[in-house]
Amino acid sequence: MGDIADLLLSATFWAATLRIATPYILGTLGELVCERAGVLNLGIEGIMTLGAMAGWMAVYQGAGLWTGVLVAALAGALLGLLHALLTVPLGLSQHVTGIGVTLLGTSLSYYVYRMALPQVSSPPTVEPFQPFAVPVLSDIPVIGPALFNQTPLTYAALAAVGLVAWVLYRTPAGLAVRMVGENPAAAEAQGIDVTAVRIGAVVCGSALMAVGGAFLTLSAFNAFFFNMINGRGWICIALVVFASWRPGKALLGAVLFAAFDAFQLRLQQIVGPALPYQVFLMLPYLLSILALVVMSRRAAYPRALMIPFRKGERH
Amino acid sequence: MWFEPRAHPSAALRVLAPAGAVVAALALCAALIAWTGTGVGEAYALLFQGALGSRFALAETLTRATPLMLTGLAAAVAFRAKLWNIGAEGQLYAGALVAVVLGGGILDLPGWALLPAALLGGALAGSALLVGPTLLKTRLGVDEVVTTLLLNFVVLLFVSMMLEGPLKDPMGMGWPQSAPVLPEAELPRLLERSRLHAGLVLALVAAVALWIMNTRTTWGYEIKAVGANPAAAAFAGIPVNRVMLKVAVLSGGLAGLAGAAEIAGLRGYLTLDLSPGFGYSGIVVAMLAQLHPLGVVAASVFVAAVFVGADAMSRTVPVPNYIAEVLVAVSLLCVLVSSFLVRYRIRRSP
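Going line by line, the protein sequences match chains X and Y. Take the first sequence: its letters are residues 1 to 315, numbered as in my numbering. Take the second sequence: its letters are residues 1001 to 1350, numbered as in my numbering.
Keep in mind that a hint or two might mislead.
Unchecked claim - Listed next, the stretches of chain X that the computed footprint assigns to chain Y, with coverage defined by at least 3 CB atoms under 8 Å from CB atoms of chain Y: (1) 96-105; (2) 118-130; (3) 277-286.
By construction, these hints were calculated from the structure, which means they are not laboratory data. C-beta atoms are modelled at their ideal positions from N, C-alpha and C, and glycine is treated no differently.
Isolated chain Y, as found in the complex (with noise of 0.2 Å):
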């Protein structure tokens, strides 16, 4: 086997390309559905419905696909630098902290107030996270990916800190949650009788500043430069490590904006359960787009729609609702062959 580069992939490959993987993804998991006896499907069928097949299913799925897509944004941006961020777990559990502390109404701010102050506070909370290990990474070259994910731990473990001290609400019954935060501070419901809110459309708007900025902008020139070849990037005259800072604050701001906006949209009050791992289904929403910010967009509508979905599912048939989390690695590993395809194709012999 050999493998030849493609000199100009076509448009309709590139998009056909992470949609047929995800269709590779779902034959392979096939395997897993019929081992429980459940017809394959019925089984998607079932998943299907209950992620988009009625008006409840689909808030549902954008509810929880409003964080997915922060988080996706929040890697996207930050792996077109090659700044390996894999600490959005983390630095949105941090900007959610701080967004239920001044959403609470801590600084005494006047009403209309209070949402900007826990939505922004909330943000930077997320970039002051990730620019300490760029610093570290740009100044001493102490690997990002590593000290991005210990962090993550330690975040979780001051929250826990927090919740069982000094922001333990007094009226939750002993359990470790906060206080939740004043009606001002939440953000507005899209729909009647349902729990989407108004943080979908932040999501959405930062998607497209995203999309504008990576092709209308310097900054969004100089991002690519430096991922594609800081060297080179550094010889054409761009501030390498000031543009990698400029990446952090965005990306880290993205992923703590996405714990925020779960307070201020879904929550109102922080417990250690916020996001079942919505930081590192971010990576896999940023792949599943090939780090395209309106790519995100659709990838984390889909992510979100296999576990919406998974859980519906499980409730009828006797498949595990894991299915969800097997499916969407799957889906990663399908996409990032289906990605080499597009840039080589196979020959027998050179």
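The following block holds chain X by itself, in its conformation from the complex (with noise of 0.2 Å):
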């Protein structure tokens, strides 16, 4: 057990949780603009995929590498508008399309990787975002080195949690998002144009997501590999359920469970042979699941999600 405490008092252990948090954290914030204003995306998967190869690629083409995350968003805003016009003016199943999306998106990626790099043996790799150390902060002891020696993007995917929760909750727009998720007649009776708001928040929230995909192949590792996602998308969306919808416990959610997954690779190697490596893995996902079972008797569904919104029609 005292090998344990001392995993948990670890610096090097709250940095790999950070770390391996960075993407799942951009991936849930953007899945919840698009939840909290009634748009489920289950596209998220392959614009992730799209995020990681396109930031990559550019990178790879000689693209700075700040260059390259936007080149990722980009690749995911224009992934999502995909998404949002067939679902929101189109009205179309939310389920169906955001898988079609899906498999477009991690298509296109391979397709593009493959014509980009037709002969390629091992993958190519490029210069990633290293460790930035902040003065003063870093100095503290083991909060210091945990928090304060990561690489850009995760600060700025701790900063997007701020900003999407000032966003949500003290602007304007933020009030239209929730509304249109809520109750999209009342939002057109103030006046509140519900697709447009709709269509901006999918775009807005597919772009974080393909930045948490770009944090992968710019970030944590230097190459893109195929299949590199695995399902972190999918996890994603578990987590807004367990956040309630709510940035802040959304960035908890994502913490503690990519504390648990550096805590069962620790554990792998302490445990070792005594049982197979692939019951390690089952657990995210079957902690997932319990998640969701859990959170399921309170979870505060925007009232709206899933339910397609048409001008004037009553529902």
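Both chains are given apart, each in its own frame, so use the hints to dock them into the complex.
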């Protein structure tokens, strides 16, 4: 037990946790923004894949790292726009369209990657973001190295939590997003353009998800692999429910989940071959299902989630 | 722009719309092919030839279509009741796992019983895997999309654990694969010198049976009513939750059968690359078919032809075979739009 206590107090463990949490934070925030406006975005897995590929490809072709992040965000925004156009003005099934967007995002990423680099056997690499030690703060024992010696995208993810919370709860735009997700008819009566707000929210949310994908290729690793997102997008959808659609709780959920992930990696080394490694790999998914079951009783879904809205039509 | 509902879309429109959508998808993907420097006409001709141009190609396409038909039916039957089963991939592997265990003779059954046991056991495993999330949905309101999706990963890891552990073939040269099923547990071949097997017959029978169920039985009517409006269905005295569970047993069973039939008809043993995403492609197949069981037959042959044809094409010209997945994804999105245009007409002003 002493081992485990040491582990939970070590800076490297928490530094790893925050690193693992970053794509979950960005993906969950992105999905949360979409759902708050009433649109379920099952395209997340494909949008993250496209973000990971496009951001990496831009840097590999000579762009700067931040330009790569911007390219990823733009690619994600475009794919989000597609999802939004199909589901908001046309009112098509959000489930099925989302699956279609995921298939398109992943297959297009793989196709473009193969086209641009037809004859590579081992994935080429780029120089990724380096950790940046915040002066003074990073000298604080334990907390300093864990929290203030990360790569810039992790700081950006943490800042995004505050930004999304501020926009949602403190600005007219955020109020409009929450209204179209709760009661679009009332929003319309207030002169809010429901269609425009929903499209805007899905586009912005998708851009965030794509940056989450780009974190993997430009910060955590330095190359693009097929199957790289590996279900992270779906976990984000579960985390949104766990977070009850609140940005602060989304951060908490993502960090807890990542801590568990970092913990199982280390536990695996301690326990060794006594248990098959697949058991540990299953745990995050089972934990997500468990979280859904526990939270479902108290889930405060945005009331218009998945319900299409057409001007002047009653529901 | 203004969308006006059509009161009665004509039958011709409903049949032509998916076909038009597929043509639109082919046109959209032409840009990606042109990027490679290959002539678009040449590439599509090679794809068509590779999919349907010879006896061998046709047999390969139908072999590939068999699991897609079953997973497509699994999605179609569930989506009709608005039970969003995204877990056909996991259900397929669960079915394959049970089929390989039973087909390997673990129960000491008489020879004639091995094949039925393997197929039925596989179907039941798929059913069981969907009943859980469905109960969570009806009892606790847990969204089934996420639970069925997450279970796909769990099942795959479980299969991997079994293949590296108790089910590992001692003759497998160290590869994570199971021992083959006994010859009595194999489905017969349909065509000599091809891989086409009787799983296709099973899938076709399932499609016709579901079509009859949808159009001629109370069950079919109840499922449709629950899908259209659960509150109204409950008001009309339909036991909504029980109908959902029946649908789950049926849908999961079909996906499980897809896995069992791949084992009994094609592979003989289980590996982790049994399915290149048949569960997910089944969703596309079901949507292309507008959830119609007989449409699923046509749509699964189309999707299988795209994959088999793209593989053949990429061997001749420098178009990556990922074009197949792009084509299928674009087709799905185009069909969704076309289904909208069947229901609504576009007007300049109200």
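**Request:** Three residues minimum, CB to CB under 8 Å: does the region 277-286 of chain X make the cut for coverage by chain Y? Let me know.
**Result:** holds (count 6)
**Item:** chain Y over the region 118-130 of chain X, status - at least 3 residues with CB closer than 8 Å
**Value:** It is violated: at least three residues are needed, and the region 118-130 of chain X offers just 1 whose Cβ sits closer than 8 Å to chain Y.
**Message:** Closer than 8 Å Cβ to Cβ for three or more residues is the test here. Does the region 96-105 of chain X pass it with chain Y?
**Reply:** holds (count 7)
In this structure, only the earlier hint numbered 2 is contradicted, and the remaining ones agree with it.
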